[in-house]
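> Protein chains in written order, with our numbering: chain A, 1 to 117; chain B, 1001 to 1113.
Don't take every hint at face value.
The calculated DSBU-like cross-link candidates involving lysine-lysine, where the alpha carbons are at most 35 Å apart (straight line), are [unchecked claim]:
hint : chain 1 : residue 1 : chain 2 : residue 2
1    : A       : 15        : B       : 1108
2    : A       : 15        : B       : 1105
3    : B       : 1070      : B       : 1105
4    : B       : 1108      : B       : 1070
5    : A       : 17        : B       : 1105
Taking beta-carbon pairs under 8 Å as the criterion, some of the chain B residues facing chain A (in silico) [as the list claims (entries may be wrong)]:
hint : residue
6    : 1031
7    : 1033
8    : 1041
9    : 1042
10   : 1043
11   : 1045
12   : 1088
13   : 1092
14   : 1099
15   : 1100
16   : 1101
17   : 1103
18   : 1106
Which residues of chain A face chain B? A partial, calculated answer using Cβ under 10 Å [stated by the list, open to error]:
hint : residue
19   : 4
20   : 9
21   : 37
22   : 44
23   : 89
24   : 92
25   : 95
26   : 107
27   : 109
28   : 110
FYI, nobody ran anything at the bench for these hints, they're computed from the structure.
Remember, predicted model here, so these are calculated numbers, not experimental data.
The beta carbon of each residue, even a glycine, is placed where N, CA and C say it ideally should be.
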Amino acid sequence: GAGVSQTPSNKVTEKGKYVELRCDPISGHTALYWYRQSLGQGPEFLIYFQGTGAADDSGLPNDRFFAVRPEGSVSTLKIQRTERGDSAVYLCASSSFGTGRVRNEQFFGPGTRLTVL
Amino acid sequence: TQLLEQSPQFLSIQEGENLTVYCNSSSVFSSLQWYRQEPGEGPVLLVTVVTGGEVKKLKRLTFQFGDARKDSSLHITAAQPGDTGLYLCAGANSGAGSYQLTFGKGTKLSVIP
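Chain A with its partners taken away, still in its complex shape:
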């Protein structure tokens, strides 16, 4: 596609429920990133995929958070037993290393706004 797409755009859930957030990266981009942005803050890194594998998951806050990218394209961020503190905008970005490895230019989707009641 022309840009990174994310679904749903908004998700409201109750404390304790399970949610899945989807990211469709720019076609051909091998790298995919998830970030979380709380109100009044900049995005915070969660996890980075190179192809199908999670190359860096150091930003995941705890084991309730998990992400997959089984075919090296679409990724799903999964949150179990949601808590009110998980409420935030979840952003996905993709990049193509090619000659851009040093520049590391990432292109972001519009985000999914998650609200945990």
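Since the structure of chain A is already known, use the hints to place chain B on it.
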């Protein structure tokens, strides 16, 4: 932990004025990017700087990367209402093997017609 501090946090100016926002860190970055984000949307990449001392111009926007690659500034000349938004700087340390971006909290700019 690498931190990026942006200043000012909020800036409200009249159309036609000039402004500068700053992005500072105690850490060295291999590259630094500036993004603009509007409400309900994801950040949009404006520019990437890689070389210490590098200056890049994008129409009325001038970006500078510090000589030591620890800080950066964004200068806007003759600001227009369309420049309104959240300006985020983000540093990358690709050489460390991780490609995550470290973001500042942003500068929220309002340009009043």
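> All the hints need checking, so say for each whether the structure fits it.
Results of checking the hints against the structure:
no., hint, result
1, A/15 - B/1108, "holds, 32 Å"
2, A/15 - B/1105, "holds, 27 Å"
3, B/1070 - B/1105, "holds, 16 Å"
4, B/1108 - B/1070, "holds, 22 Å"
5, A/17 - B/1105, "holds, 30 Å"
6, 1031, "holds, 5 Å"
7, 1033, "holds, 7 Å"
8, 1041, "holds, 5 Å"
9, 1042, "holds, 3 Å"
10, 1043, "holds, 5 Å"
11, 1045, "holds, 6 Å"
12, 1088, "holds, 5 Å"
13, 1092, "holds, 4 Å"
14, 1099, "holds, 5 Å"
15, 1100, "holds, 4 Å"
16, 1101, "holds, 6 Å"
17, 1103, "holds, 3 Å"
18, 1106, "holds, 5 Å"
19, 4, "holds, 7 Å"
20, 9, "holds, 9 Å"
21, 37, "holds, 8 Å"
22, 44, "holds, 7 Å"
23, 89, "holds, 9 Å"
24, 92, "holds, 8 Å"
25, 95, "holds, 7 Å"
26, 107, "holds, 6 Å"
27, 109, "holds, 5 Å"
28, 110, "holds, 5 Å"
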